[in-house]
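Novice: One-letter residues, chain by chain:
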Amino acid sequence: MSVLTIVQAINKALTEEMGKDDSIVLLGEDIGVNGGVFRATEGLYQSFGPNRVIDTPLAESGIIGVAMGMSLYGLKPVAEIQFLDFIYPAFDLIVNELAKFRYRTGGQYPTHIVIRAPCGGGIKGGMYHSQSSESYFIHTAGLKVVMPSNPYDAKGLLVASIRDADPVIFLEPKRLYRSVKGEVPEGSYTVPIGNASVVAKGEDVSVFTYGAMVHVALEAAKKADEKGISVEVIDLRTLSPLDFEAIVDSVRKTGRAVVVHEAPRTLGFGAEISALISEKAFLHLEAPVTRVTGYDTPFHYSLEEVYLPSVGKVLNAIEKTAGF
Amino acid sequence: MPTEMLQIVNEEGKSDSKLDPDLPQSELHKLYRTMVYTRAFDNRMIAMQRQGRMSFYAPCVGEEAAHIGSAYALKPEDWLFPQYREQGAMILRGISLEQLVSSLLGNRNDANKGRSFANAWGDRSLNIVHSSAPVGTQIPLAVGAAMAAKLRGDKTVTLAYFGDGATSSGYFHVALNFASVFKAPTIFFCKNNQYAVSVPIHRQLASKNVAVKAAAYGMEGVQVDGNDILAVYCVTKEAEERARSGGGPTLIEAITYRMGAHSTADDPTRYRRQEEVESWKKKDPIKRFRLYLENRGLWGEKEESDLWTEAENMVSEAVRRAEAAPLPTVESMFEDVYKEMSPALKEQLQDALTSRESR
Ligand SMILES: Cc1ncc(C[n+]2csc(CCOP(=O)(O)OP(=O)(O)O)c2C)c(N)n1
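Top line first, the protein sequences correspond to chains A and B. Counting from 1, one number per residue, gives the positions in the first sequence under the numbering used here. Counting from 1, one number per residue, gives the positions in the second sequence under the numbering used here.
The shape of chain A in the complex, shown without the other chains:
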């Protein structure tokens, strides 16, 4: 057991899995000699060489297309997209090919690449280094979408993603890379894809969230607790396939739900969760489901604190929901 950051936990997962399975190859911009712009692949080039840690030309369409081809041939590529904001040149390949390959070939050609991409705001990176565009991928049948919020889950979920049979979009909240530390076991373990986790137990209000917002929600829950409101915080961890039982169970208990994400509001994941709750737990609801989200504007550079959900905004929503 050692105390690691998220970026170190990701590095560990890659190192250990690559050591066990030589069909795993990494592709991406600046991931080799430079060890990745966030250092997630630090040392891997030295350990596994240029044939398995491939610094690619600057073309996301090339990275994803080639990774898919490798997967068809039997390798297990893990592609890094330097920032989620730059994934769109490969969007056609992801949505039209990667997501549909198993389906349209009658199961003959399943592709199971992992696409790792740092996502989200909080680093003063402006609109092209801060986007939270998970909804595009969640909305696409055939893709799994994962977003860890702590080092333990980051390692376990990445190992699970690499071993999974389906394509996984593995989103890494970049502002947590070094700011969150935690104990991570040596050696391999998995955190199963498709399982949410209750990160704070509570009775009065359920907060559903994921990624960097888990920490904002926990902070708000603490403040709410001081005001006598007991808050349950659920880290969804996997966005697709969604653990809706965990959501419904919690709402059955509390009758009140707040959803928090930094992605824009309209058609953000909160919309789906809210709909699910009203479909599956309507009779348990004591208050309308509330969303605390990023706004429907591009991600603002100098007003990032205004844009992002804050502890204050989440606390406010918890209190309103509790007092409804």
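Since the hints were made in silico from the structure, they are not lab data. Take the hints with a grain of salt, since some may be wrong.
As the list claims (entries may be wrong) - Quick list of in silico lysine-lysine cross-link-like pairs, DSSO-like style, CA-CA up to 30 Å: (1) Lys339/B <-> Lys124/A; (2) Lys124/A <-> Lys346/B; (3) Lys181/A <-> Lys76/A; (4) Lys237/B <-> Lys287/B.
As the list claims (entries may be wrong) - Listed next, with one range per pair, are the computed distances between beta-carbon atoms: (5) Ala344/B <-> Met1/A: 45 to 53 Å; (6) Ser179/A <-> Ser125/B: 40 to 48 Å; (7) Phe91/A <-> Thr354/B: 33 to 41 Å; (8) Ser179/A <-> Arg270/B: 21 to 29 Å; (9) Lys100/A <-> Thr354/B: 40 to 48 Å; (10) Lys281/B <-> Pro50/A: 25 to 33 Å; (11) Ser342/B <-> Gly106/A: 42 to 50 Å.
Claimed, not checked - So these bits of chain A aren't anywhere near chain B, every CB distance computed over 12 Å: (12) Tyr136; (13) Ser197; (14) Val199; (15) Asp204.
All C-beta atoms in this analysis are idealised placements derived from N, C-alpha and C, irrespective of residue type, glycine included.
Since the structure of chain A is provided, determine the placement of chain B with the ligand on it from the hints.
Specialist: Chain B with the ligand only, in chain A's frame:
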């Protein structure tokens, strides 16, 4: 087919008299001033980022001749589509230093309303279309604007700047193909600074160089010494004349070097040797142009130190004014998403205003 790289002024500042464009003294001074202003600006922005007064900056140290010489070859009505590392072209065209800093700080005086991070400069009144971080996206836009100018019967030329890394993006290839199919009056200006962050040029391409790619698309391709401002000016001028007279697009590859880090977030010692950096320092485009001016008796110690003092003072003044400006208003965050604010945005603006108060 390009056979060799055009150079007019060598590293000792001696020019080839048959090729020297013989620009008047005042114009030579204007070019040199712009280069020095650009270097002074870069130095200060890097220092400000280190002091925590700015989140991020991408300097253009070493590449001044490539973008200033090419921008200088165009007319004010010609459109520039910058990448992000063309500070000198922005200064030459007339974006004020204060605007450049305000944009980096994202403050209320920024004409772009503080929304964009780092080096996203542009100005409609100067025919500079704001650069954007996603690599390569500006290249097809330059082709479209050129096609539109042609459709309208205007004599406007467009120029897209991009790096060697961008030549690997699909946008580059799509844009070159469209431009040559439609004989668009466009100049593709590749600043080959040898690196895309850490990735060296030989990992971007396996062709002989960037310029040869032009042949496959049926257009002229030339290589130029990107640290020789006069050579850059001459090849761009030729491309500009070709474009304006209906001869279609040109691909220019300017050979230069990113003397600094990719950005303030980058540590180049991880992927390149110091000897390599030192060898390029000898080719510093500003040093070379200064030697040229001195050799021609057009510059001396006194002019040099006066110019540096002036440039540094102007940058300081711009910084002082930019730092005095407040952040944009919360309201402004919701403007310009659409021409008219949508009902949802109006509601969200109210939410942002109330949350700010309760914070
Ligand atoms: C589509 C895309 N992918 C990745 C990035 C991250 N990135 C920013 S600049 C850069 C390298 C660009 O290299 P080059 O085109 O040679 O220009 P230079 O920075 O050397 O001037 C990379 C990979 C990006 N901005 N856009």
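Novice: Next step is simple, just say for each hint if it's right about the structure.
Specialist: Results for each hint:
| no. | hint | verdict |
| --- | --- | --- |
| 1 | Lys339/B <-> Lys124/A | holds, 26 Å |
| 2 | Lys124/A <-> Lys346/B | holds, 25 Å |
| 3 | Lys181/A <-> Lys76/A | holds, 29 Å |
| 4 | Lys237/B <-> Lys287/B | holds, 23 Å |
| 5 | Ala344/B <-> Met1/A: 45 to 53 Å | holds, 47 Å |
| 6 | Ser179/A <-> Ser125/B: 40 to 48 Å | holds, 42 Å |
| 7 | Phe91/A <-> Thr354/B: 33 to 41 Å | holds, 36 Å |
| 8 | Ser179/A <-> Arg270/B: 21 to 29 Å | holds, 23 Å |
| 9 | Lys100/A <-> Thr354/B: 40 to 48 Å | holds, 44 Å |
| 10 | Lys281/B <-> Pro50/A: 25 to 33 Å | holds, 29 Å |
| 11 | Ser342/B <-> Gly106/A: 42 to 50 Å | holds, 44 Å |
| 12 | Tyr136 | holds, 16 Å |
| 13 | Ser197 | holds, 28 Å |
| 14 | Val199 | holds, 24 Å |
| 15 | Asp204 | holds, 21 Å |
The earlier numbered hints are all upheld by this structure, with none contradicted.
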